[in-house]
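For the sequence shown, the UniProt record's numbering gives the first residue as 1, with consecutive numbering after it.
Bear in mind the hints are in silico, worked out from the structure with no lab data behind them. Treat the hints loosely; a few may be bogus.
[What the hints assert, rightly or not] Pairs of lysine-lysine, DSSO-like flavour, derived with a Cα cap of 27 Å:
1) 257 - 235
2) 161 - 60
3) 59 - 161
4) 235 - 286
5) 161 - 210
[Said to hold, decoys possible] Between beta-carbon pairs, the in silico distance windows are:
6) 280 - 83: 45 to 55 Å
7) 286 - 191: 21 to 31 Å
8) 87 - 264: 43 to 53 Å
9) 283 - 142: 46 to 56 Å
10) 277 - 175: 45 to 55 Å
11) 52 - 280: 20 to 30 Å
12) 112 - 51: 17 to 27 Å
13) 280 - 31: 18 to 28 Å
Don't be surprised by glycine CBs; every beta carbon is placed ideally from N, CA and C.
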Amino acid sequence: MTGPRISVIFSSFNGASRRLQQMLDSMLAQNLSSEQWELIAVNNNSNDETQQLLDRYTKKLSMVVVNHARPGKSGAMNAALAVARGALIVFTDDDIEADVNWLSAIVACAAANPDFGVIGGRILPNWEHYPQGDPLLDWIPMGSTFAIADDESSGLCDPTKIWGPNTTVRRELLGSDVRFREDIGPLPGGLFAMGEDTEIVNRLSRSGVKTYRCAEAIVHHWIPASSVTEAWVQKRGERLGYGMPALFAEDIPKGVKIRGVPLRTWVESANWAVRAALLYPLPRSKKRFWAIWKYYYMRGYRAGLRQYAPTGNPSCRMTQEIAR
């Protein structure tokens, strides 16, 4: 018996307390025949009603539930990969809602573009409360902040523009050894390195795999109101910075180091710290926001250097989606 065409995999930590049910309902509504796809859900050490909710949906969906007790999204996704059977592996999150034709669009894009090994779809915001009249959304990098990818054109795309909630990889490219790095990715509590999805796509791209944007494959990513504040976005910059040495080791500045951090990075950090301190008492503005954001980013980057590149020698790369 042949396996399904698609394996959709996701990890959930206390998803029942948030948006997991809405995500599962959107999977029930898919217009692709259920025989052509499977859903693999990983309960990643949840302590709410996640397991009970997943158990209920196994009666409605072709779904396998994997229990992964060790906290960490990357390890949980690897556990799902171990049992996936589809020719196409679709990575997503437990807080998306998929358009009804999401999976059928992925199948069509994959069939029409056989030379592309990675396919990214559109990710649109699903706002809990849209900040009407607030200029914040005009200031921030929507991709690295909220994993939003809203380009309406299909075709060849930069691998750094493919985001975790809507990423498809041909199974043969993963083999038995291409897996998520478990030292990066979301962990409950504390500082963690963002970018586990970017890292695996970039690794495939560096090996020659081409990446494609399928604008017809759409999911809507939940953005809680608590995340749409200057303070939250600025602190997220710290997580982004923390992961950069792991994702882009070749960009680490060369030269003299002090306490494991290149001198150039210390100088840049001091520059942004002074700017942030001078602008902090002033009224809200884009200039003020970015000075504080960069302060947090550089703080995270320094910590990431100590964690991921204690002996590295490779300029600090900011996110490619930066405000002009």
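Is the hinted pair residue 161 and residue 210 satisfied, with a Cα-Cα distance of at most 27 Å?
holds, 13 Å
Is 46 to 56 Å respected by the C-beta to C-beta distance linking residue 283 and residue 142?
For residue 142 against residue 283, whose Cβ atoms are near 24 Å apart, the range 46 to 56 Å is violated.
Do the alpha carbons of residue 235 and residue 286 lie within 27 Å of each other, as the hint requires?
Holds. Residue 235 to residue 286 sits at ~16 Å (cutoff 27 Å).
Has the hinted range 43 to 53 Å been met by the Cβ atoms of residue 87 and residue 264?
With a Cβ separation near 46 Å, residue 87 and residue 264 satisfy 43 to 53 Å, so the hint holds.
Is residue 161 within 27 Å of residue 60, Cα to Cα?
violated, 34 Å
Taking 21 to 31 Å as the stated bounds, is the beta-carbon spacing between residue 286 and residue 191 within them?
Given a distance of about 26 Å, which is inside 21 to 31 Å, the answer is holds.
Has the hinted range 45 to 55 Å been met by the Cβ atoms of residue 280 and residue 83?
The hinted range 45 to 55 Å holds for residue 280 and residue 83, with Cβ atoms some 50 Å apart.
Okay, residue 112 versus residue 51 on CB: inside 17 to 27 Å?
For residue 51 against residue 112, whose Cβ atoms are near 39 Å apart, the range 17 to 27 Å is violated.
Agreement of residue 59 and residue 161 with the hint, judged by alpha carbon distance not exceeding 27 Å
violated, 36 Å
Go ahead and decide if the range 45 to 55 Å is satisfied by the Cβ distance of residue 277 to residue 175.
With Cβ atoms ~50 Å apart, the hint holds.
Status of the given 20 to 30 Å range, CB of residue 280 versus CB of residue 52
violated, 46 Å
18 to 28 Å as the expected CB spacing between residue 31 and residue 280, which holds or is violated:
violated, 51 Å
Checked against the numbered hints given earlier, the structure breaks hints 2, 3, 9, 11, 12, 13 and satisfies all the rest.
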